[in-house]
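A.B. asks: Sequence order for the protein chains is A and B. So for the first sequence, this note's numbering puts the first residue at 1; every next one is plus one. So for the second sequence, this note's numbering puts the first residue at 1; every next one is plus one.
No wet-lab data here; the hints were simulated from the structure. Computed from a predicted model, the values in this text were never measured in an experiment. Don't take each hint at face value.
Covered stretches of chain B, going by a simulated chain A footprint (3 or more residues, C-beta under 8 Å) [unchecked claim]:
(1) 36 to 46
(2) 127 to 138
(3) 177 to 186
(4) 394 to 403
(5) 556 to 562
Where a beta carbon is used, it is the ideal one built from N, C-alpha and C, also for glycine.
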Amino acid sequence: MVQITLTVNAEPVDAAFAPYKTLLEVLREDLNLCGTKHGCELGECGACAVLLDGQPVLSCLVLGVDCGGRTVTTVEGLASDGRLHPLQETFADLGAAQCGYCTPGFLVTAKALLDEHPRPTRDQIRDALSGNLCRCTGYQQIYEAVEAAIGQAGPKGPALRDTRTDASSVRRPGPFGPGTDQSR
Amino acid sequence: MIYGKIVRSPYPHAKVVSIDLSAAEKAPGVKATLAYMKAGDEVHYQGDPVAAVAADTEERARDAARLIRVRYEALPQVSSEAQGMQLIGPRWSTTQPNTRAGQRAETGDLDAGFKQAAHIVEQTYSTHIITHVCLETHGAVCEWDGDKLTAWVSTQGVHQCAQGYAQALGIPQTNVRVITQYMGGGFGSKFAPDSQGIICAKLAKAAGVPVKLMLDRKEEHLDTGNRPSAFAKIKAGVSSDGKLTAFDGTSWGTGGAGASSGFPLPYLYQFPNRKRVHTDVYINAGQQRAMRAPGHPQGCFLTEILMDELADRVKMDPVEFRIKNAPPLAPNAQWVKYFAEGAKRFGWDKRHATGDPTPGPIKTGMGVSAHLWGGAGRGSTAHVDIMSDGSVVVKCGTQDLGTGTRTLVAIVAAETFGLPVSGVKPEIGDTLYPFSGGSGGSTTAASVTPAIRVTSLNALDALFAKVAPTLGVTPDQLAAEGGRIFVKGNSSKGLSWKDACKLIGTEPISVDGKWEDGLSSSGTSGVQFAEVEVDIETGIVRIKRILAMQDCGLIVDKLTAESQAYGGVVAAINFALFEDRILDRVTGQMVNPNMEWYLLAGMSDIPKIDIVLNNMPERGVIGIGEPPTVSTASAIANAVRNATGATIRSLPLHPHKVLAAIEQERAGGTN
Ligand code: FES
Ligand code: FES
Chain A
1 MVQITLTVNA EPVDAAFAPY KTLLEVLRED LNLCGTKHGC ELGECGACAV LLDGQPVLSC
61 LVLGVDCGGR TVTTVEGLAS DGRLHPLQET FADLGAAQCG YCTPGFLVTA KALLDEHPRP
121 TRDQIRDALS GNLCRCTGYQ QIYEAVEAAI GQAGPKGPAL RDTRTDASSV RRPGPFGPGT
181 DQSR
Chain B
1 MIYGKIVRSP YPHAKVVSID LSAAEKAPGV KATLAYMKAG DEVHYQGDPV AAVAADTEER
61 ARDAARLIRV RYEALPQVSS EAQGMQLIGP RWSTTQPNTR AGQRAETGDL DAGFKQAAHI
121 VEQTYSTHII THVCLETHGA VCEWDGDKLT AWVSTQGVHQ CAQGYAQALG IPQTNVRVIT
181 QYMGGGFGSK FAPDSQGIIC AKLAKAAGVP VKLMLDRKEE HLDTGNRPSA FAKIKAGVSS
241 DGKLTAFDGT SWGTGGAGAS SGFPLPYLYQ FPNRKRVHTD VYINAGQQRA MRAPGHPQGC
301 FLTEILMDEL ADRVKMDPVE FRIKNAPPLA PNAQWVKYFA EGAKRFGWDK RHATGDPTPG
361 PIKTGMGVSA HLWGGAGRGS TAHVDIMSDG SVVVKCGTQD LGTGTRTLVA IVAAETFGLP
421 VSGVKPEIGD TLYPFSGGSG GSTTAASVTP AIRVTSLNAL DALFAKVAPT LGVTPDQLAA
481 EGGRIFVKGN SSKGLSWKDA CKLIGTEPIS VDGKWEDGLS SSGTSGVQFA EVEVDIETGI
541 VRIKRILAMQ DCGLIVDKLT AESQAYGGVV AAINFALFED RILDRVTGQM VNPNMEWYLL
601 AGMSDIPKID IVLNNMPERG VIGIGEPPTV STASAIANAV RNATGATIRS LPLHPHKVLA
661 AIEQERAGGT N
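Bound conformation, chain A alone (with noise of 0.2 Å):
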């Protein structure tokens, strides 16, 4: 067993765990942070990115020793006080996850980018978006949400909106039903 303190998602936290263990074992197991996934194990997929010092890595390439005294942001730590974060909300909006599976990695992955680049281009985003792979959506999607969130994100960014109150607001409903408008 080793035994460090990190700071994850804002908080300092002491962690105990066997010394082969990599930081995607250590944070869905031993500090019970399930929503960073695992998807190959092998540094290929980006399922299991988180931020380590702010800077996106592939905590299944990561072992856990080396994180002392680090920051580690996982998707949980995205949104704050009870709302979500700007790339979260963008995301769900426009249907860029389905299973969601791939989507804490691109998160986490995306907001480092929006960290760095406030105003990200198309290639900027391709770019910082590609070691993760996505099998459901047809990637166009993370695109847009990314670049929807654009303006809104940033380190200290401006109060984030708050869409999702009324689901219908966003997914116009309309199935059976009299005056059925799909269009958006």
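Start from chain A and add chain B with the ligands according to the hints.
C.D. replies: This is chain B with the ligands only, laid out in the frame that chain A set:
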């Protein structure tokens, strides 16, 4: 909770001589061991499960798995379709033949059809094997309470899975509860408990504690299904005025070790005289499973490349040629319309004839292809509770693969009650909820939404009956909209939803309902266009644009419906350009069981994709999970042909194949 690990055969074909669990049993932390096979059994593919172990940590389970001693007697293996079809040579099994007669159909008069033909094309076409690669691997957590099992499974069918557990474990299905709150993709590979699910349950029983058993990426490639290969030697005729006259196809393919490989052929177009004979070939590789529109991408590719070759023979535009030979316009057959409309939207008039005349190494081309699918609804059941505080819960034993089923349940119920979506709590993904089928065949939306609609209407009727006396009207005079219950034609006479529900009293409204005919239907059609750029010096294909014209009946939720289409198109781009399960010819081992050498499209590989959904409310709900993934690859391959003038008759369009086809074309072609 402890962790399970499976010991798998390293050989593609072998006889198990002995299994010795004793060293593993004594290993630290081990709580249970299991021999899944026994001495004398035959393993038929690399990754065939043989034994398993459960230990208190994942690492200890892995260590103990290495201590399980299995002795094998290696047997010769079959690693390709061609090898399997040889009369002499290795056999995939010591007891079963390498081939089996598959689909067979004959219509019309083949000889007469070929006599009417002015041109005949005779070629062999093929598609390769790809695996599902769900981002979340297969697996489960199993917990026993006496003889009752609760299994949290990554599955596309909770009820189907429960049935599978009951059968395999010899317990009543009523003793099994399967839960799938969320899951990370299935694409057809996650219906049954599978070996890993059953092993997990058995280990949990033996250990007396819950067991978690999730597969790793390599196991996932080897043992959780794939799309079978498809080959066809086709002779087809066309008349001088561009009418298809005859189709004679001999096809084969492999679904791996003992699994079939059928697909529709010819696909979609009307060959009045046709014959098709299929042979299933067995090889020593993991078995196929349903994969997003099973059979259709294969049949579509084999037919659509042929279609472009035939169109060239009669010097017709591919769109015009297809319109001439597609089934006539009908609600479930919109191809003729989509070809014409799509061509206009896509700028098809700018397409050059086969072979981009532009100088330089980058050649541009356009291609087109069409597809069909069923997507019908079937018996689903649901339950709705309305509480006196106005809260509503809708329960249905369906599951959400990421396709948005939960969203659909909430939307349909909310609209029926005239409530915002947030006013309804959808509960799905549990066998404690009313029966609904597995999510396959694009049937979920068409099965679940009618059941939710019917059940919600039943509940609303019950609520109207409670409210009517207070408003001094009869129940049939009431309507629910905008968060209110009111008298039709006099909306000021009414109550808020909350106040109306207060009249329910102590016993909540609690009703069941089920799928009814009339709210859904079957049969979708789609046409896709692709524009590509091919570098004829490197063979690299870059897709510039895709246009997908698609119908799915009534669109319940545009966002999730479009997402299915986008995702389907990208999955097909993967099929066309990237994914390929490669087996070593000599050892029968998969050489790329990962996500690196098994190529997958990422953010940088995606073209501009335009989805045009044709809303047809009068048809009711039809599923859309599968159709958009059928024809993209064929449209891309036809675009590559249009760009380079070289016909690549087999997928994937990897650079070396593109270069070889261009070389062959320069050397005089294959015609
Ligand atoms: S789990 Fe770390 S990259 Fe796939
Ligand atoms: S949404 Fe399923 S993998 Fe991305």
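A.B. asks: Evaluate each hint against the coordinates.
C.D. replies: Results for each hint:
Three residues within the 8 Å Cβ limit are the bar, and the stretch 36 to 46 of chain B against chain A gives 0, so the coverage statement is violated. For the stretch 127 to 138 of chain B, the stated coverage by chain A is satisfied: 5 residues place a CB nearer than 8 Å to a CB of that chain, which reaches the threshold of 3. With 4 residues carrying a beta carbon less than 8 Å from a beta carbon of chain A, the stretch 177 to 186 of chain B meets the three-residue requirement, and the given coverage holds. Counting residues of the stretch 394 to 403 of chain B whose CB lies closer than 8 Å to any CB of chain A gives 3, which reaches the minimum of 3, so the coverage claim holds.
Residues of the stretch 556 to 562 of chain B with a Cβ under 8 Å from some Cβ of chain A number 6, which satisfies the need for three, so the listed coverage holds.
Hint compliance for this structure: hint 1 alone is broken.
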